[in-house]
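This is what each chain is made of:
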Amino acid sequence: MASSKHNEVLYGLYNDEEVLMDAIRNAHKKGLDIMEVYTPFPVHGLDDCLGLEESRLHIAGFIYGITGTMTAFGFMTWVFTRDWPIIFGGKPYWSVPAFIPISFELTVLFACVGMVITFYTICGMGPGITNPILDDRITDDKFCIAFNVNNASSGDVNEMKAFFNETGAEEVNKKTI
Amino acid sequence: MGHHTKDIDISEKFEFTGREKSVLGGLMGLGVICLAITYFQGSDDHHLRFWTNFLHNTVFFTGIAFISMFLLAAKVLAYSGWHTVWKRLLEAKAQFLIFGLVSILLIWLGSQLGMHHIYHWNFPNITDEASECFDPIIGSKAGFLNSSFYLGATLVFGGLWYACVIMFRRLSLSEDANGDESYSHHKKMKLVSAFFMPFGGFTSAALIWLWVMSIDSHWYSTMFAWYATASWLVSAVALLILTIIYLKGRGYFSYISGEHIHDLGKYLFGFSIFWTYLWFSQFMLIWYANVGEETIYFDGRMNDYPLLFWANLVMNFALPLLVLVRNDAKRKFGILTFVCVLVLFGHWWDFFQMIKPGALHTEHMWHSYQCAGDHGHADDHSETGFLNEAPNSDATAMLTNFQDDNHAHDDADHAHGDEAHADGEHHHHDEDAANADEHHHHGEEAHEDGHSDDHGADGHHDEHHSDGHHDDHHGDDHAGHHGGEHGDHGGHDGHHHDTEFRMGFTVPGLLELGTFIGFLAFFYFVVFTSLAKAALVPKNDPYLDESLHHHVGYGGGNMEDGGHH
Numbered sequence: 142m143a144s145s146k147h148n149e150v151l152y153g154l155y156n157d158e159e160v161l162m163d164a165i166r167n168a169h170k171k172g173l174d175i176m177e178v179y180t181p182f183p184v185h186g187l188d189d190c191l192g193l194e195e196s197r198l199h200i201a202g203f204i205y206g207i208t209g210t211m212t213a214f215g216f217m218t219w220v221f222t223r224d225w226p227i228i229f230g231g232k233p234y235w236s237v238p239a240f241i242p243i244s245f246e247l248t249v250l251f252a253c254v255g256m257v258i259t260f261y262t263i264c265g266m267g268p269g270i271t272n273p274i275l276d277d278r279i280t281d282d283k284f285c286i287a288f289n290v291n292n293a294s295s296g297d298v299n300e301m302k303a304f305f306n307e308t309g310a311e312e313v314n315k316k317t318i
Numbered sequence: 012m013g014h015h016t017k018d019i020d021i022s023e024k025f026e027f028t029g030r031e032k033s034v035l036g037g038l039m040g041l042g043v044i045c046l047a048i049t050y051f052q053g054s055d056d057h058h059l060r061f062w063t064n065f066l067h068n069t070v071f072f073t074g075i076a077f078i079s080m081f082l083l084a085a086k087v088l089a090y091s092g093w094h095t096v097w098k099r100l101l102e103a104k105a106q107f108l109i110f111g112l113v114s115i116l117l118i119w120l121g122s123q124l125g126m127h128h129i130y131h132w133n134f135p136n137i138t139d140e141a142s143e144c145f146d147p148i149i150g151s152k153a154g155f156l157n158s159s160f161y162l163g164a165t166l167v168f169g170g171l172w173y174a175c176v177i178m179f180r181r182l183s184l185s186e187d188a189n190g191d192e193s194y195s196h197h198k199k200m201k202l203v204s205a206f207f208m209p210f211g212g213f214t215s216a217a218l219i220w221l222w223v224m225s226i227d228s229h230w231y232s233t234m235f236a237w238y239a240t241a242s243w244l245v246s247a248v249a250l251l252i253l254t255i256i257y258l259k260g261r262g263y264f265s266y267i268s269g270e271h272i273h274d275l276g277k278y279l280f281g282f283s284i285f286w287t288y289l290w291f292s293q294f295m296l297i298w299y300a301n302v303g304e305e306t307i308y309f310d311g312r313m314n315d316y317p318l319l320f321w322a323n324l325v326m327n328f329a330l331p332l333l334v335l336v337r338n339d340a341k342r343k344f345g346i347l348t349f350v351c352v353l354v355l356f357g358h359w360w361d362f363f364q365m366i367k368p369g370a371l372h373t374e375h376m377w378h379s380y381q382c383a384g385d386h387g388h389a390d391d392h393s394e395t396g397f398l399n400e401a402p403n404s405d406a407t408a409m410l411t412n413f414q415d416d417n418h419a420h421d422d423a424d425h426a427h428g429d430e431a432h433a434d435g436e437h438h439h440h441d442e443d444a445a446n447a448d449e450h451h452h453h454g455e456e457a458h459e460d461g462h463s464d465d466h467g468a469d470g471h472h473d474e475h476h477s478d479g480h481h482d483d484h485h486g487d488d489h490a491g492h493h494g495g496e497h498g499d500h501g502g503h504d505g506h507h508h509d510t511e512f513r514m515g516f517t518v519p520g521l522l523e524l525g526t527f528i529g530f531l532a533f534f535y536f537v538v539f540t541s542l543a544k545a546a547l548v549p550k551n552d553p554y555l556d557e558s559l560h561h562h563v564g565y566g567g568g569n570m571e572d573g574g575h576h
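Residue numbers (my numbering), protein chains in the order written: chain L, 142 to 318; chain A, 12 to 576.
Mixed in with the good hints, there may be bad ones.
[To be verified] Below are the EDC-like pairs computed for lysine to aspartate or glutamate, each with C-alpha atoms no more than 20 Å apart in a straight line: (1) Lys-302(L) <-> Asp-281(L); (2) Lys-259(A) <-> Asp-56(A); (3) Lys-343(A) <-> Glu-195(L); (4) Lys-343(A) <-> Asp-189(L); (5) Lys-170(L) <-> Asp-189(L); (6) Lys-550(A) <-> Asp-55(A); (7) Lys-199(A) <-> Asp-187(A); (8) Lys-277(A) <-> Asp-276(L).
[Stated by the list, open to error] What follows is a set of in silico ranges between Cβ atoms, one per label pair, in the way DEER data are often shown: (9) Met-234(A) <-> Val-249(L): 50 to 58 Å; (10) Val-257(L) <-> Ala-205(A): 32 to 40 Å; (11) Tyr-194(A) <-> Val-257(L): 17 to 25 Å.
For the record, the hints were derived by calculation from the structure and aren't laboratory data. Note that beta-carbon positions come from the ideal geometry of N, C-alpha and C, so glycine has one too.
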């Protein structure tokens, strides 16, 4: 992913996600090694099509969530039975129903914050980090397939260009990022 | 439509086979037999078990029909596309509405003819201020809780629901035959939906109050309609998934893929959590505020019907949560079938515990009711009842005692905890005393007449107020003043009669299960009949293509059925 080394990238821009998906299948058939695909919105089925592994982010989320639940529940139990027992509304010190909303909130909080931090870390994003972008339009209305051509021969590059042409790419560019 | 529909048979039509008809017919027969046995069984002259079973199943399946229409309307209004391939199922399920409404009318008729006394507010003269049996709480609700409103609301609200169902179905069938690129039918469906969504949303609350919540006539809860409707919603989703799996097994719906099933599984999971959220919101507010009229509802259920109360949470929250939380569990037909059957039964159980304890309780009140007219009641209630109860048997203490029980499991070496616990007990009683005062005021406010007499009549009265039972024996207090016996208090006091095991009330018995299966078969008879009348694929629906290519972006592979991708 993001490394200090600069990559030379050949990329094609497409107008439509269906065309993009067909192009990806075509690239697999030709044995072309796709570096990355950029889309302005999540395209359903793209992960399958690229053969990406299922994200494990939700497993991390589950662990953060359960940590939040236990933190809240354990803390309240300690406070209200050991540290500073106070009667509220005639209820017992250890009043499970009253603990549930807070346990729930902390579950959500831990899961959300934890997942955001994990996601940003994995993706190399964060405050103060700038990530080069191939083309501004991939955040708007263009779909992009990128090949890494650092060590590609001119024959390979020509094959890629031919691929872009026959799969309906609107534009083909080369850029060093 | 588009080129994508070429590879499916768009004229595929469901055939309601003779075998299915005879199986469903046989199961309906079983239901009728079970209902008949509950009617004739026992010495109960009001056939309480029969009427409550009938009400329970009627409300359950009417609600599923209503929610099916509600889901359809929501889908259309939200520009949803993916549901299109299974929208015929919702249309077919909504058709049951008319049978459900007619059954409700039978229950209304039964109450008018004095055949049953499920509804406390329907006791003769109970809202008549001049009567000795006047009940101020019910009196204050009489504008809503009366038989004319019950009938009128069921007819007008339910009738308009059914009108929407018919209009929607007609438009959908007509779209099949004459639909074109102007999508005029779809636009009209949007109009019907736009009316139905808010109208159905508000009026279903009113009807669920009347049909179910009014059994506990004194009770107040603003969460109830939400919670009961969520119960319907989960049941409807479970039935939808089961139907799709069944029909796929019969060779239909080859184009309904793991993607659709996955999203329906998310509904099942999400709405189960939603139900729990509402259930808990209702419970916690009442538990926390601990106002007698409200607490009594949960007090009775937790202490006298613990199995009903806790199994409800296990079946409808804990198990669906644990089983469905994994991503791929929502795609495996075996697991989904198990969870669907579980929560369908679970929500049927939920309605059981909404209806049965209250109805049994009301029957006890009826037995000691002084203005019953010629529907006389036996004088065989020898228990002196709760008047001799120690004050700490109150609702407050019971709810907290229940937690104290848990507390008792703490290790003995938690010295500090134990100390705190003992301390807590102590404060409790103080608190109870405070509560008693509070309730007392409340009581005076609510019952402008008569209550000062009560104190003269029985010295324990303040304790009863602190009991949170005060709504409970209110009618009986009057009965007491006016010369009747304090009969049968024990019954609805919850410590004598209700704790006795009574099949069909304490837990659903085989006859309840048989009735449930009979109603389910009836429901499916209607659904399949309706389903067989139209093609399964709504071929001119503007969103058909999107629905055929529905994809949830699940990267895990492991597709159950190799459907469309």
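Checklist entry - Quick check: which numbered hints come out false for this structure? => result Those not satisfied are hints 1, 2, 6, 8, 9 and 11.
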